[in-house]
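**Student:** Spelled out from the first residue to the last, the chains are:
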Amino acid sequence: MNARRQDAERRERAPAPLTTEVTHTTSLETLLAAPCPDFPVLPGVCVLEYLRASAEATLPAPGLRWRAVDRVRFLGAVFPGEELTVGLTWQRSGEDEWTSLATASTVRGTAATARLRYVGEADR
Amino acid sequence: MIELDGVRRLLPRRRPMLLVDRVLDVVPGERIVAAKAVTCNEPWYARLPEGTPAERLGYPPALVIESWGQAAGILSRLSGELPEGMMLLGGMSDVVVHRTVLPGVLLEHRARIVKSLGDHLIFEGESLVDGGVVVSIGRMVMAFRPASALRPPGGDGP
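So the sequence lines, in the order shown, correspond to chains A and B. The numbering of the first sequence is our numbering, which starts it at 1 and goes up by one. The numbering of the second sequence is our numbering, which starts it at 1 and goes up by one.
Hints are computed from structural coordinates only; laboratory data are not their basis. For clarity, every value in this text was computed on a predicted model and none was experimentally measured. Cβ coordinates follow ideal geometry from the N, Cα and C atoms, glycine included. Mixed in with the good hints, there may be bad ones.
Claimed, not checked - Some chain A residues near chain B, calculated using beta-carbon distances under 7 Å:
{"no.": "1", "residue": "L59"}
{"no.": "2", "residue": "A68"}
{"no.": "3", "residue": "R92"}
Claimed, not checked - FRET-style restraints, in silico, Cβ to Cβ:
{"no.": "4", "chain 1": "A", "residue 1": "A53", "chain 2": "B", "residue 2": "S116", "range": "43 to 53 Å"}
{"no.": "5", "chain 1": "A", "residue 1": "G63", "chain 2": "B", "residue 2": "R47", "range": "15 to 25 Å"}
{"no.": "6", "chain 1": "B", "residue 1": "Y45", "chain 2": "A", "residue 2": "G63", "range": "36 to 46 Å"}
{"no.": "7", "chain 1": "B", "residue 1": "P53", "chain 2": "A", "residue 2": "A53", "range": "16 to 26 Å"}
{"no.": "8", "chain 1": "B", "residue 1": "G29", "chain 2": "A", "residue 2": "L18", "range": "24 to 34 Å"}
{"no.": "9", "chain 1": "A", "residue 1": "T25", "chain 2": "B", "residue 2": "D25", "range": "17 to 27 Å"}
{"no.": "10", "chain 1": "B", "residue 1": "P49", "chain 2": "A", "residue 2": "L75", "range": "16 to 26 Å"}
{"no.": "11", "chain 1": "B", "residue 1": "L117", "chain 2": "A", "residue 2": "A61", "range": "20 to 30 Å"}
{"no.": "12", "chain 1": "B", "residue 1": "R99", "chain 2": "A", "residue 2": "S93", "range": "20 to 30 Å"}
{"no.": "13", "chain 1": "A", "residue 1": "T25", "chain 2": "B", "residue 2": "R56", "range": "23 to 33 Å"}
{"no.": "14", "chain 1": "A", "residue 1": "G63", "chain 2": "B", "residue 2": "A46", "range": "33 to 43 Å"}
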């Protein structure tokens, strides 16, 4: 069987994308503690941490582990105490691999978009 | 070599978010090697029960990335010719988490400037433990913006 046909069959077997949403109230709790005391905007990696936490609260299969950030773009500031909603769409991207397309939004609009990749035990 | 006092002067981050302990080597405009010691006493572990097995004390990958980014930030500060203002993470791509980082290790961050584009700098590099790559950063874009461009909602900013 050629690789193209195998890929096509894999896509046919793959379930439809799973879409979900998680809302956080951002805070200066321990992980996010005062990165810049005189101007408490959340650092980009803290927003990334919210994306990761949201993804791991909605994993589409058991035993998945964060493997990669294929890309992330930070488009707007996030401030402590405001609401941050993370929308996620999960798609199977390999035999034991899932990809999450994530968008984090505040009342001002999109704060970040990302593509996170998770793998199972076999790909570790 | 730049010790912690020098790191504090170069970065606005403060405890517990100051995640570089020492700069081992730097060539301004080109590359940096910096170290960060990981311990189980860091506040990210405070909410875990005392008897949590050691293998479940993986250091948050986002903080490995933040620590690497701070090393890149020191390099940018030492490279001159950059706009004044806040150093912001604009984006990243091809970041791969190869291995879990556990307390007791010394992270060695290696960052290189790939390109300078006005008020943006692009870096690449990796974080290592005992010579093995634990996280690789394909590309990190850092932007420099005046603090006034990031006013909190309803506030006057700094």
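**Student:** Are the hints correct? Go through all of them and say.
**Tutor:** Evaluated hints:
The beta carbon of L59 (chain A) comes no nearer than 16 Å to any beta carbon in chain B, farther than 7 Å, and the hint placing it at the interface is violated. The beta carbon of A68 (chain A) comes within 5 Å of a beta carbon in chain B, closer than 7 Å, and the hint placing it at the interface holds. Here the hint on R92 (chain A) is broken, as its CB sits about 19 Å from the closest CB of chain B, past 7 Å. A hinted range of 43 to 53 Å is violated for the C-beta pair A53 (chain A) and S116 (chain B), which are about 34 Å apart.
Separated by about 23 Å at the C-beta atoms, G63 (chain A) and R47 (chain B) satisfy the suggested range of 15 to 25 Å. In this structure the hint that Y45 (chain B) and G63 (chain A) lie 36 to 46 Å apart at CB is violated, the actual value being about 23 Å. Under the hint 16 to 26 Å, the C-beta atoms of P53 (chain B) and A53 (chain A), about 21 Å apart, fit the expected range. Between G29 (chain B) and L18 (chain A) the beta carbons are some 46 Å apart, a value that contradicts the proposed interval 24 to 34 Å.
Between T25 (chain A) and D25 (chain B) the Cβ separation comes to about 42 Å, which falls outside the hinted range of 17 to 27 Å. Taking 16 to 26 Å as the suggested C-beta distance range, the pair P49 (chain B) and L75 (chain A) does not conform, at roughly 38 Å. L117 (chain B) and A61 (chain A) have their C-beta atoms about 40 Å apart, which leaves the hinted 20 to 30 Å range violated. Range check, R99 (chain B) to S93 (chain A): about 21 Å between beta-carbon atoms, so the 20 to 30 Å window is met.
Between T25 (chain A) and R56 (chain B), the C-beta spacing of about 27 Å keeps the proposed range 23 to 33 Å intact. Remark: the range hint 33 to 43 Å for G63 (chain A) to A46 (chain B) is contradicted by a beta-carbon distance near 27 Å.
In this structure, the hints that do not hold are numbers 1, 3, 4, 6, 8, 9, 10, 11, 14, in rising order.
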